[in-house]
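Chemist: Sequence:
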Amino acid sequence: PILNSVLGTLLIVAGVLFVFVFEEIGESIKNIAIGIMILLIVIFLVMPGLRKPKSKLVSGLLIFEVIIGVLVSIMFILEQGGSPSLWIGLVIYVHGVVGLIGGYFSSKKQKAEMFFLSLLFATIGVYIFASNLITNQMLLNVLFIMFVAPGLFFLILGLIHIKKIKPKTKKA
7 PILNSVLGTL LIVAGVLFVF VFEEIGESIK NIAIGIMILL IVIFLVMPGL
57 RKPKSKLVSG LLIFEVIIGV LVSIMFILEQ GGSPSLWIGL VIYVHGVVGL
107 IGGYFSSKKQ KAEMFFLSLL FATIGVYIFA SNLITNQMLL NVLFIMFVAP
157 GLFFLILGLI HIKKIKPKTK KA
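Throughout, this note's numbering is defined as the position within the sequence shown, counted from one, plus 6.
To be clear, the hints were calculated from the coordinates, so they are not data collected in a lab. Any given hint could be a false lead.
DSS-like mimics (lysine-lysine), calculated; alpha carbons at most 25 Å apart, straight line [stated by the list, open to error]: (1) K117 to K62; (2) K117 to K58; (3) K58 to K114; (4) K115 to K62; (5) K114 to K62; (6) K58 to K115.
Full structure from sequences and hints, please.
Modeler: Written out as structure tokens, the structure is:
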């Protein structure tokens, strides 16, 4: 519990320092952190879909989506390539298109909610990379959230469990 509380506090302090106090450090680690976040999203969102047996087309599209996500995250980490809007929009768009094509060619009938969600992803992805929506300040805000959200989680988790620790009584 104490370790969780300390880790949570350190993450919150680091987020505040990197974004508001030492902005040059925040600028330098921003792309690395966002690249890692994109990689984690691809791992946790797309990779489970590969484990479920589907048609070869759907599996191939999911592998294509993983490759695109990994390449975009590497480009962010190495700070190569163009606008962040282009790459983040592309990842979202590819996820939506793969969901649409996969739902159409899948052996199981796609639910209406999943169809509209995939259509929404494709539309939002196109809008993001066509309008150059994502700015540098937005990415700094994402960096701040990436530090503060887990920090609050660990801090609250630690504080909840600290109350449950009972002091040991000595027997005479």
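Chemist: For the pair supplied as a hint, K117 and K58, confirm whether the alpha-carbon distance does not exceed 25 Å.
Modeler: Roughly 17 Å separates the two Cα atoms, so the pair holds.
Chemist: Need the status of pair K58, K114: alpha-carbon distance at most 25 Å?
Modeler: Roughly 12 Å separates the two Cα atoms, so the pair holds.
Chemist: Do the alpha carbons of K58 and K115 lie within 25 Å of each other, as the hint requires?
Modeler: Measuring from Cα to Cα gives roughly 15 Å; hence the hint holds.
Chemist: Can the restraint linking K114 and K62 be considered satisfied, given a maximum Cα separation of 25 Å?
Modeler: OK: K114 and K62 at ~14 Å, within 25 Å.
Chemist: Are the Cα positions of K115 and K62 separated by 25 Å at most?
Modeler: 16 Å, holds
Chemist: Is the hinted pair K117 and K62 satisfied, with a Cα-Cα distance of at most 25 Å?
Modeler: 20 Å, holds
Consistency note: the structure conflicts with none of the earlier hints.
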